[in-house]
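*Asks:* One-letter residues, chain by chain:
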Amino acid sequence: MTISIGRPTETGPRDGLGARLAARVDIDAGSLPAFVFNDREVYERELGAIFGRCWLMVAHVSEIPEPGDYVTRTMGTSPVIVVRDEKGEVQVFLNACRHRGMRVCRADLGNASHFRCPYHGFTYKNSGELVGVPFQKAAYGDILDRQRLRLLSARCAVSHGLVFATWHPDAPTLEEYLGHLGWYLDLYLGRAEMEVFGPPQRWEMPTNWKIPAENGASDAYHTAHTHASLPKIGLIVGGSKFAEAGYHVHAGNGHGLGLGMPTDELVFPSEMLDEYRRRLRPEQFQTLIQVKNSHCTLFPNLTFVLSSARLEGEIVSHLNMQLWQPRGPDRTEVLSWGLVEKDASPRWKERARRHYIITFGASGVFEQDDAENWMDITRNCGSPVAQSLDFLYLQGLGRQPATDFPGPGEVYPSKYSENNARAFYRRWLELMLHDD
Amino acid sequence: MTISIGRPTETGPRDGLGARLAARVDIDAGSLPAFVFNDREVYERELGAIFGRCWLMVAHVSEIPEPGDYVTRTMGTSPVIVVRDEKGEVQVFLNACRHRGMRVCRADLGNASHFRCPYHGFTYKNSGELVGVPFQKAAYGDILDRQRLRLLSARCAVSHGLVFATWHPDAPTLEEYLGHLGWYLDLYLGRAEMEVFGPPQRWEMPTNWKIPAENGASDAYHTAHTHASLPKIGLIVGGSKFAEAGYHVHAGNGHGLGLGMPTDELVFPSEMLDEYRRRLRPEQFQTLIQVKNSHCTLFPNLTFVLSSARLEGEIVSHLNMQLWQPRGPDRTEVLSWGLVEKDASPRWKERARRHYIITFGASGVFEQDDAENWMDITRNCGSPVAQSLDFLYLQGLGRQPATDFPGPGEVYPSKYSENNARAFYRRWLELMLHDD
Amino acid sequence: MTISIGRPTETGPRDGLGARLAARVDIDAGSLPAFVFNDREVYERELGAIFGRCWLMVAHVSEIPEPGDYVTRTMGTSPVIVVRDEKGEVQVFLNACRHRGMRVCRADLGNASHFRCPYHGFTYKNSGELVGVPFQKAAYGDILDRQRLRLLSARCAVSHGLVFATWHPDAPTLEEYLGHLGWYLDLYLGRAEMEVFGPPQRWEMPTNWKIPAENGASDAYHTAHTHASLPKIGLIVGGSKFAEAGYHVHAGNGHGLGLGMPTDELVFPSEMLDEYRRRLRPEQFQTLIQVKNSHCTLFPNLTFVLSSARLEGEIVSHLNMQLWQPRGPDRTEVLSWGLVEKDASPRWKERARRHYIITFGASGVFEQDDAENWMDITRNCGSPVAQSLDFLYLQGLGRQPATDFPGPGEVYPSKYSENNARAFYRRWLELMLHDD
Amino acid sequence: MTTELATDPRLWIEVHAWLDHEAELLDEGRFQEWLELITEDVCYGMPVRLTRERGAADSHRGNQYFLENAATLRLRVERLATEFAWAEDPPSRTRRFVTNIRVQPDPEGVRVRSYLLVFRNRGDDAGQEWLSCERRDLLRPTPAGLRLARREIWIDQSIVGSRNLAIFL
Amino acid sequence: MTTELATDPRLWIEVHAWLDHEAELLDEGRFQEWLELITEDVCYGMPVRLTRERGAADSHRGNQYFLENAATLRLRVERLATEFAWAEDPPSRTRRFVTNIRVQPDPEGVRVRSYLLVFRNRGDDAGQEWLSCERRDLLRPTPAGLRLARREIWIDQSIVGSRNLAIFL
Amino acid sequence: MTTELATDPRLWIEVHAWLDHEAELLDEGRFQEWLELITEDVCYGMPVRLTRERGAADSHRGNQYFLENAATLRLRVERLATEFAWAEDPPSRTRRFVTNIRVQPDPEGVRVRSYLLVFRNRGDDAGQEWLSCERRDLLRPTPAGLRLARREIWIDQSIVGSRNLAIFL
Ligand code: FES
Ligand code: FES
Ligand code: FES
Ligand SMILES: [Fe+3]
Ligand SMILES: [Fe+3]
Ligand SMILES: [Fe+3]
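Protein chains in written order, with the numbering used here: chain G, 1 to 436; chain Y, 1 to 436; chain P, 1 to 436; chain U, 1 to 169; chain L, 1 to 169; chain D, 1 to 169.
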């Protein structure tokens, strides 16, 4: 079955939305019209053009270690089952019965060899085959071709412990899609075996998904002001330029990150250094141990933050991932995971967990103030006069690349830059105007 | 006044929606695209194309026995007053003042000789005439033509104790509209004088209205699995094939029903048999007493269920009606009535009432599990990837009609069939693509 | 920066909405189609065509007496800051940072010399200049032109103590816009120095904004019936024709009002008569002291009511203003202020305040019953059949103007007229069909 | 300020505890234990509510959302224990906020009126469902403690704002 | 664990009962009986709420949603008894959930603070309206029992989320 | 009708008052005073909730929305006192409706379970946010009165229906 997502009569660059975008977007001049952040037409196009085509992160492998383990997630707004089948392969299926579309799995997570639809009882193996149809002979005689009626499969691949999937049959390989970002994912996730603390925190924010995604890719600059309360309570350490020092990297395909460095002291558990050294290339290891913090958005909607602080007098750090799921022009569901080295000491792991929770979960003191901005921007972008504004993405225009950094991609010195935001929206626009 | 419902510039088969439907719907091949179950454009078209044209059930005559008795209902989403006027004629009026559209009646039911608008006091008789205009001379001089300003009347007719109305001036007669279904309505409602237990239960479900309507017309197949809990507690009686045995009937115009038969024991109150015999033709009577249960949808949105069980060791049965009112692409208001023979014994009536309430009202154990499916299907149909699915309506394709059944219509042996669903959607499509 | 509000590809008279309006609206014949009161397309057009172009009232000067005093309001749906700058000039700014659109002010009212954006810390003076950009050199080098990045200013003017603003660069002066209404605003607001009792009451009603606005301009006729409970409790005084006697005035540009007169007794505080005489022209003064009550809508969405009653045996009166802010096709936010002469006696002021609260605030006994009508009309106008109705605006068609009244505008004897409603919708239609 | 209390404080507190305990059992899905709190002759109903002019009867006992006796309540619980009760498996998350408890001793037992606000959330639905009602109960003292002999639920909507009534009130 | 109770339990229970009784009267539309619970010098207000930076005054008593004395409360009740009070005829279905009752004896009577959550539903509207507020009351003991002498209602929104305030809080 | 009360009424009323007082402090932004109600070894958590088939564990303590000790609670309060805590400055209007309080004395103190309904509204947002949860507390008697030694918050949604958890529960 060929999947065609979105209304065929409405896509393409020459329609009304394409014209509206073309007339107002000028990324090279650092200008993006406010309306793209709260507009139903933009949102509906994105569900197909972005979330129907990109590789999307759906789970971490430590969530489904055993055959039969599954979690249910969404790709954009489309519900999927992420399951490790009996052969140990991770598979991603649309959570919709081929008979009449009922969800065949209604739990957040579990272990199952089969998924049985509650409506009429069609039963699928965890590898997707339709293996049971009640009273098949009486109901269908011999006209039912069960082979054709597997659960709809997304293309699926694993990298750095993350499970990704895409609906696009002609998408590049995941490796190509990640491109230069792989080098940096090594630092976040490849330096040691990582595990999540547990299932994600989930909540809904009244914001457009692109605002937090852009922030994660590009926006170190907001830290000094948005998070000005945190140096006062010790959760941010460093002088007034704590957010500037380091590198700003566009890793291609819209993926962007910032590396806060150097650090005064190692922010990782010392017991892990050997493993880091074993798993990383020397220049990666040398980079890693100088890192104080980092933020990254893997296009389109997965944000990583590596954060460190002194908590109760001792250094602590953790990695978190926030998945920004589109739920409307002005709504986003957040899935938030904390991660830590599997082999770190129990004490480090516990402190890292608490550090994650107080900083970047739903109650996190970073997250709270970020969200306040994102929500009010989204509301503003829904009003006609504010929609006439063109937002500024000027920082770093014309700046010279860094030459003293070993990693790949377009690297700039100083994290006070909006180059990654420009790259993010350049990629976004390309996909939005793409003629299928 | 000629009523033209819907936007004239948007109807017609050649527009975007017509093209979307034509491209994906293939009923003869048993295929219907998922998007029709959660799509704003489809929904808005339906309000005019289906609910602006069909005969719609609005009340049961036992709800308004006396002159002046009224109930307020909706036809699709349009509010109406169903009233027995002073001459004893049932009339159906748009519940909107001709001056500036205020509701002239704001109660669910009552008895009134006149309806007086709360805004400026225009007063209408219960036969629709505008009979009072405050300070008419001072306000209007002699330019107000009160004759032209009756409450807007729908065409109205009564059959089998049900009040129907339509906005379509060129609709066929109600008798023609019901067609072969009349024979079966005789079994449900014509076998004896029926009465409702009381005003309808009402609640809102997050589902598209077509899914329950289709289910009522066609879907005996789901019973074995969706309602698998009920044999365990005695509310479904019979072996594993309890849902298969019987006949599947398309009665024309999209009306569909299933008859579960034969039965091991009579499911009706024995004291009523004489009346049944008097009112029914012999072949109808012979059919009736073999019936164990039945489900039916009178196109577009009225579902009947005749259900029987052993409750506390004794046989019991009742008839219920559920009206599925469109409230959005993904919302339906349900009106649910239980009915029983007026002249059944008080004890039977009481047991029938309890049987209705535990099975098919808002708390009914059938209704609950049905709704769970309908709601999740509707949600799925709102996501772009699931919208690309084509749902299967293959059961019974190519099956031979039954020859051993006395009733009219297309009759098939075995209720495991989706023929009625195909007929329902064929009629639906015809109306949706109809060029006014 | 030139502000262009609304989607350029969608405005103009020749599109679908223009055709729908042209086909159904016939104001000279007193006919307006019901759909305009609950239609998303109409609503979205209004946000630009009406609220993007007209002079809109945003505050009363007594709310911001001192330099730095500000209130936050909306113009239509667009958030603005109304601030008295350090030079004492009132200014109106879009409450959106020029960097990335965050609200720079998040309080309802206060006093501030500067507004600092919480996201990245851009800081604006209360006269709109961007005066602070954190780390500007590091972030922007020398490419940031701060001059261009003032807060977006609306044109702003004060009349009769009311602050107005408009986004339309080619709007007429405020004085021209008010036109003949100035004569009447003198009676309401110019007769003495007025002050508000405090910040507005605010609440949201499920109604279309035009229905209350029209009511305020034109509808004395509803009083006898909608407010029939109030003579019974003494809050309306007078015989059965209490709502008819007086004048109905169209003051141009869609502004309409009614004057209830003559009165049996003076409804104003006697201690103020000298001031009235000083401030008003003789014919205005003579008119004023005969006034019993008055209602007025300043196009598009500001309604005044001057109301009087005997409360606990003594005469009392007050002026109130209700601003009907569009929040959706079927939602309106109300801002309600009571006003009184600044120099009236404390006792009068206290009684006037209580009179305002019991009559026209959110709990006001006039407001309550009005709202009940407006809400049900709005609901009806959302249903397809009711949308086919054409509402009647016939009262006063062909009536002769009054010759015995000193004020300007089209003046008619008798307040039982819908002439002002016709004038309101004539202006509305003109703006809706205007080709920018 | 030591006026006579209309209600015996001990009884009031006991009833409070009884209703809170009942809410706990239902919110935690301990339906078998809940069944132990009802009498054999229990009558459990929930009339249809109507919008009528002020003063007219605004409910109808002919059609009811629930009309249960001990046998049908047990049937419903039995059903929930099967593995096919999809409507409540996975279970909804519910919370029964009980307030405004008024107690009136009576020859038949204790007449209790209470307000009940039910929060319900299912699956990955980000929405929330609320039911607001009054319950009019008769609690009968038995050697094992108070038992529910009669309950009538007055829901505060004419169109129930819930997908179904697959939960007890 | 037998610490001194700050509040006399009898008084607390009495106030509880008083507020629950009041809620019952209002929810059942027994407005005349409700009027009997107020004193002649009652002061019944509801200030406008404001969004301000932390620490600044977040309400305003110049403009109030209600500002009533016994006479105007009686006027309102009188109006509801006419047959033209459309806003509440047919009546809304309301439910006043009263919680968090705190009692403080005082020379003037009993200072009572309570939280009030009001559910309101009208006609065939499938939606639900909620009002959340705190009430700060002064109850004065009289020979006939406690009477409401002062009430100030602190609504928890700057934009009241209700079509109107045609009901008492 | 004078059955034995499972709960000591004095203790029940005391706990009632304690929780109502705590709600008052939080709703009025008196966070420093609130901190005085916790013990030095307090454990304050809020597990993630999961939708699972009936009978399976429907929460997870690995990831929690809150996981606080006295030090981190103080950090959070300290932050709110800075002038840069945008998420709660201007403050939300909150109301914490506490009901269904159940008290169980225990060697470690008093085990208290209560239902909490939080209303939250911010700025000029006409919408309303609601959080429904159960709190499972351990209150420890100290010379200064009861103190919170342990709290676990069971939120009734798997997707929290709130923009963030910038408030205490
Ligand atoms: S929808 Fe799954 S079996 Fe029918
Ligand atoms: S709207 Fe009915 S009389 Fe005016
Ligand atoms: S959005 Fe205001 S400073 Fe960036
Ligand atoms: Fe941040
Ligand atoms: Fe079913
Ligand atoms: Fe009015």
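Calculated from the structure, these hints are not laboratory results.
Errors might be hidden in some of the hints.
As the list claims (entries may be wrong) - So, partial list: chain Y residues that the calculated Cβ filter (under 8 Å) puts toward chain P:
| no. | residue |
| --- | --- |
| 1 | V25 |
| 2 | I27 |
| 3 | A29 |
| 4 | P33 |
| 5 | L47 |
| 6 | G52 |
| 7 | S78 |
| 8 | R98 |
| 9 | P118 |
| 10 | H120 |
| 11 | A138 |
| 12 | A139 |
| 13 | Y140 |
| 14 | R146 |
| 15 | G328 |
| 16 | S345 |
Claimed, not checked - Using 30 Å as the maximum straight-line C-alpha spacing, the simulated DSSO-like pairs for lysine-lysine come out as follows:
| no. | chain 1 | residue 1 | chain 2 | residue 2 |
| --- | --- | --- | --- | --- |
| 17 | Y | K137 | Y | K125 |
| 18 | G | K87 | G | K125 |
| 19 | Y | K125 | P | K232 |
| 20 | P | K137 | P | K125 |
| 21 | G | K241 | P | K342 |
| 22 | Y | K137 | P | K125 |
| 23 | G | K125 | G | K137 |
| 24 | Y | K125 | Y | K87 |
| 25 | Y | K137 | Y | K342 |
| 26 | G | K232 | P | K137 |
| 27 | P | K349 | Y | K137 |
| 28 | Y | K342 | G | K137 |
| 29 | P | K125 | P | K349 |
| 30 | P | K87 | P | K125 |
| 31 | Y | K87 | G | K137 |
| 32 | Y | K241 | G | K125 |
| 33 | Y | K232 | G | K125 |
| 34 | G | K342 | G | K87 |
| 35 | P | K125 | G | K232 |
| 36 | P | K241 | G | K241 |
| 37 | P | K241 | Y | K125 |
| 38 | P | K232 | P | K87 |
| 39 | Y | K232 | Y | K137 |
| 40 | G | K232 | G | K349 |
By construction, the Cβ of each residue, glycine as well, lies at the ideal position given by its N, Cα and C atoms.
*Asks:* With reference to the structure, classify each hint as holding or not holding.
*Replies:* We went through each hint and held it up to the structure:
Contact between V25 of chain Y and chain P, as hinted, is not supported at the beta carbon level, the nearest pair being about 23 Å apart and thus beyond 8 Å. For I27 of chain Y, the suggested interface contact is broken, since its CB lies about 26 Å from the closest CB of chain P, more than 8 Å. For A29 of chain Y, the interface hint is violated, the least distance from its beta-carbon to any beta-carbon of chain P being 32 Å, above 8 Å. Hint on P33 of chain Y is violated. Least Cβ distance to chain P is approximately 24 Å, over the 8 Å limit.
Annotation: interface hint on L47 of chain Y holds; nearest CB of chain P at approximately 5 Å, less than 8 Å. Taking 8 Å as the C-beta contact cut-off toward chain P, the hint placing G52 of chain Y at the interface holds, the least distance being around 6 Å. Taking 8 Å as the C-beta contact cut-off toward chain P, the hint placing S78 of chain Y at the interface holds, the least distance being around 4 Å. Here the hint on R98 of chain Y is kept, as its CB sits about 7 Å from the closest CB of chain P, short of 8 Å.
A distance limit of 8 Å between C-beta atoms decides the matter here; for P118 of chain Y the minimum to chain P is near 6 Å, and the interface restraint holds. Hint status for H120 of chain Y: holds, given a least beta-carbon distance of 5 Å to chain P, under 8 Å. Using the Cβ-Cβ criterion of 8 Å, the hint placing A138 of chain Y at the interface with chain P is satisfied: the shortest such distance is roughly 5 Å. A cut of 8 Å between beta carbons decides the hint on A139 of chain Y: the least distance to chain P is about 4 Å, and the hint holds.
The interface hint given for Y140 of chain Y holds, since its Cβ lies 6 Å from the closest Cβ of chain P, which is under the 8 Å cut-off. Annotation: R146 of chain Y was flagged as interfacial toward chain P, and the flag is violated, the nearest CB pair being 11 Å apart, outside 8 Å. Look at G328 of chain Y: its Cβ only gets to about 11 Å from chain P, farther than 8 Å, so that hint breaks. This hint is violated: S345 of chain Y has a C-beta 43 Å from the nearest C-beta of chain P, more than the 8 Å allowed.
The hinted pair formed by K137 of chain Y and K125 of chain Y meets the criterion: a straight-line CA distance of about 20 Å does not exceed 30 Å. As the CA atoms of K87 of chain G and K125 of chain G are separated by approximately 12 Å, the hinted pair is consistent with the 30 Å bound. Between K125 of chain Y and K232 of chain P the alpha-carbon distance is near 27 Å, which keeps this suggested pair within the 30 Å criterion. Restraint check for K137 of chain P and K125 of chain P: the C-alpha separation of about 20 Å stays at or below 30 Å, so the hint holds.
The straight-line distance between the Cα atoms of K241 of chain G and K342 of chain P is roughly 53 Å, outside the 30 Å bound, and the hint therefore fails. For the hint pairing K137 of chain Y with K125 of chain P, the CA-to-CA distance comes to about 61 Å; that exceeds 30 Å, so the pair is violated. Straight-line distance between C-alpha atoms of K125 of chain G and K137 of chain G comes to about 20 Å, which keeps the hinted pair within the 30 Å bound. Pair hint K125 of chain Y plus K87 of chain Y holds up; C-alpha atoms about 12 Å apart against a cutoff of 30 Å.
Distance restraint check for K137 of chain Y and K342 of chain Y: the Cα-Cα separation of roughly 51 Å exceeds the 30 Å cut-off, and the hinted pair is therefore not satisfied. For the hint pairing K232 of chain G with K137 of chain P, the CA-to-CA distance comes to about 25 Å; that is within 30 Å, so the pair holds. Between K349 of chain P and K137 of chain Y, the direct Cα distance comes to roughly 40 Å. Violation of the 30 Å bound is thereby established for this hinted pair. Between K342 of chain Y and K137 of chain G the CA atoms are separated by roughly 43 Å; this puts the pair beyond 30 Å, and the hint is violated.
A hinted pair counts as satisfied when its Cα atoms are at most 30 Å apart, and K125 of chain P with K349 of chain P does not qualify at roughly 37 Å. For the suggested pair K87 of chain P and K125 of chain P, the alpha carbons sit about 12 Å apart, so the restraint of at most 30 Å is met. Our distance criterion of 30 Å between C-alpha atoms is broken by K87 of chain Y and K137 of chain G, whose separation comes to about 58 Å. Pair hint K241 of chain Y plus K125 of chain G holds up; C-alpha atoms about 25 Å apart against a cutoff of 30 Å.
As the CA atoms of K232 of chain Y and K125 of chain G are separated by approximately 27 Å, the hinted pair is consistent with the 30 Å bound. For the given pair, K342 of chain G sits about 24 Å from K87 of chain G by alpha-carbon distance, which is consistent with the 30 Å threshold. Restraint check for K125 of chain P and K232 of chain G: the C-alpha separation of about 27 Å stays at or below 30 Å, so the hint holds. Among the hinted pairs, K241 of chain P with K241 of chain G is inconsistent with the structure: their alpha-carbon atoms are about 75 Å apart, more than 30 Å.
For the suggested pair K241 of chain P and K125 of chain Y, the alpha carbons sit about 25 Å apart, so the restraint of at most 30 Å is met. A hinted pair counts as satisfied when its Cα atoms are at most 30 Å apart, and K232 of chain P with K87 of chain P does not qualify at roughly 52 Å. Between K232 of chain Y and K137 of chain Y the CA atoms are separated by roughly 72 Å; this puts the pair beyond 30 Å, and the hint is violated. Between the alpha carbons of K232 of chain G and K349 of chain G the distance comes to roughly 25 Å, so the proposed pair stays at or under 30 Å and holds.
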